[in-house]
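Chemist: As a plain string of letters, each chain reads:
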Amino acid sequence: MSAAAAPNSAQQSKSTPSDFLRTIRGRPVTVRLTTGVDYRGVLVQIDGYMNVALEGCEEWNGTQLKAKYGDAFLRGNNVLYISATSGAK
Amino acid sequence: MSGAQVGDASASAGAGSAGDVDATVKEPLDLIRLSLDERVFVKLRGERELRGKLHAYDQHLNMVLGDVEESVTTVETDEETFEEIIKTKKREIPFLFVRGDGVVLVAPPLRST
Amino acid sequence: MLFYSYFKSLVGKHVVVELKNDLAIAGTLHSVDQYLNIKLTNVSVVDPERYPHITSVRNCFIRGSVVRYVQLPPSGVDIEVLQDATRREARQ
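Protein chains in written order, with UniProt numbering: chain X, 1 to 89; chain V, 1 to 113; chain Z, 1 to 92.
No wet-lab data here; the hints were simulated from the structure. Among the hints, a few may not be true.
Here are the simulated BS3-like cross-link-like pairs (lysine-lysine), alpha carbons at most 30 Å apart as the crow flies [as the list claims (entries may be wrong)]:
{"#": "1", "chain 1": "V", "residue 1": "K89", "chain 2": "X", "residue 2": "K66"}
{"#": "2", "chain 1": "V", "residue 1": "K53", "chain 2": "Z", "residue 2": "K8"}
{"#": "3", "chain 1": "V", "residue 1": "K53", "chain 2": "Z", "residue 2": "K13"}
{"#": "4", "chain 1": "V", "residue 1": "K53", "chain 2": "V", "residue 2": "K89"}
{"#": "5", "chain 1": "X", "residue 1": "K66", "chain 2": "V", "residue 2": "K53"}
{"#": "6", "chain 1": "Z", "residue 1": "K39", "chain 2": "V", "residue 2": "K53"}
{"#": "7", "chain 1": "V", "residue 1": "K26", "chain 2": "X", "residue 2": "K68"}
{"#": "8", "chain 1": "Z", "residue 1": "K39", "chain 2": "Z", "residue 2": "K20"}
Distance ranges between label pairs, derived from CB positions [unchecked claim]:
{"#": "9", "chain 1": "Z", "residue 1": "H30", "chain 2": "V", "residue 2": "E83", "range": "30 to 38 Å"}
{"#": "10", "chain 1": "X", "residue 1": "R27", "chain 2": "Z", "residue 2": "D22", "range": "35 to 43 Å"}
{"#": "11", "chain 1": "Z", "residue 1": "T28", "chain 2": "X", "residue 2": "T23", "range": "50 to 58 Å"}
{"#": "12", "chain 1": "Z", "residue 1": "G12", "chain 2": "X", "residue 2": "Y81", "range": "46 to 54 Å"}
{"#": "13", "chain 1": "V", "residue 1": "H60", "chain 2": "X", "residue 2": "T23", "range": "25 to 33 Å"}
{"#": "14", "chain 1": "X", "residue 1": "A84", "chain 2": "Z", "residue 2": "R58", "range": "51 to 59 Å"}
Where is the CB? At the ideal position from N, CA and C, for every residue including glycine.
Construct the complete structure from the given sequences, taking the supplied hints into account.
Modeler: Here is the structure:
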């Protein structure tokens with residue numbers, strides 16, 4: 001089924017956006033909404049609408065931590081981008 | 001039944017599945033399915049927030065909530081001092097249908113998993 | 001389809017439709033379609049001080065996309081049925 005991604009040797013240049021989304025499942029990410037607010041957490045799931053489920057989610061406005069949620073669902077239409085965050089915040 | 005579901009289960013969207021009452025999160029909306037009959041926090045466009053018991057939802061995030069508390073936050077700027085005045089208005093509504101296009105975030109109650 | 005069916009079951013009941021422009025319109029739910037467009041009869045405006053212009057309207061059609069909330073009559077909400085229908089639809 002998954003013809004994609006020969007282990008990790010797959011060249012970055014050949015991977016697609018959806019490959020990227022698959023590789024960051026289970027990893028810490030930052031989701032920026034069009035409002036400018038950031039949500040940081042572990043990416044539990046994502047679908048084709050860019051609906052996102054985050055675990056251990058923090059809401060950041062710039063450098064200010066606004067709120068924490070155990071889990072959070074973000075509606076895809078509000079998503080500007082998703083970036084993989086490395087370990088620490 | 002229980003094997004690999006989280007990882008690479010399906011390529012793109014939707015991943016329709018037959019398993020019904022399972023507690024796994026295969027797609028983002030499953031997170032909301034698991035919150036049915038629980039109190040949830042909903043963030044909407046326009047600095048609105050709702051807390052209420054989730055009775056129904058669909059794929060657009062249309063929802064019916066019960067015992068809802070809505071809070072609306074407004075920021076007004078004093079015309080002379082330019083001070084920002086932040087006001088929060090709250091009201092309670094017994095049963096409320098919420099149109100999904102205004103939804104930004106849905107957070108289930110804190111769960112121990 | 002879930003909420004379409006649900007609103008059909010509320011026809012004849014009193015509801016308050018709150019629009020995205022903050023106008024709130026109370027009335028009797030006359031009909032609804034698949035887009036959740038809504039027709040109300042016996043219309044009254046919840047805050048006539050702020051929205052005097054519409055007080056003469058008796059019936060109206062509301063495009064679904066401009067709706068923010070619909071306040072529902074507690075008697076019209078069968079929680080069990082709603083939740084079951086939601087679970088069924090979630091399985092699609």
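Chemist: Indicate, hint by hint, whether the structure satisfies it.
Modeler: Now for the hints, and whether the structure bears them out:
1. V:K89 to X:K66: holds (19 Å)
2. V:K53 to Z:K8: holds (22 Å)
3. V:K53 to Z:K13: holds (22 Å)
4. V:K53 to V:K89: With a Cα-Cα distance of about 20 Å, the restraint between K53 (chain V) and K89 (chain V) holds, given a limit of 30 Å.
5. X:K66 to V:K53: This hinted pair holds, its Cα atoms lying about 23 Å apart.
6. Z:K39 to V:K53: holds (27 Å)
7. V:K26 to X:K68: holds (23 Å)
8. Z:K39 to Z:K20: holds (17 Å)
9. Z:H30 to V:E83: 30 to 38 Å: Between H30 (chain Z) and E83 (chain V), where Cβ atoms are some 47 Å apart, the hint is violated.
10. X:R27 to Z:D22: 35 to 43 Å: Hint holds: Cβ distance 41 Å, inside 35 to 43 Å.
11. Z:T28 to X:T23: 50 to 58 Å: About 54 Å separates the Cβ atoms of T28 (chain Z) and T23 (chain X), which means 50 to 58 Å holds.
12. Z:G12 to X:Y81: 46 to 54 Å: With Cβ atoms ~47 Å apart, the hint holds.
13. V:H60 to X:T23: 25 to 33 Å: With a Cβ separation near 29 Å, H60 (chain V) and T23 (chain X) satisfy 25 to 33 Å, so the hint holds.
14. X:A84 to Z:R58: 51 to 59 Å: Roughly 57 Å apart at Cβ, these two residues keep to the hinted range, so it holds.
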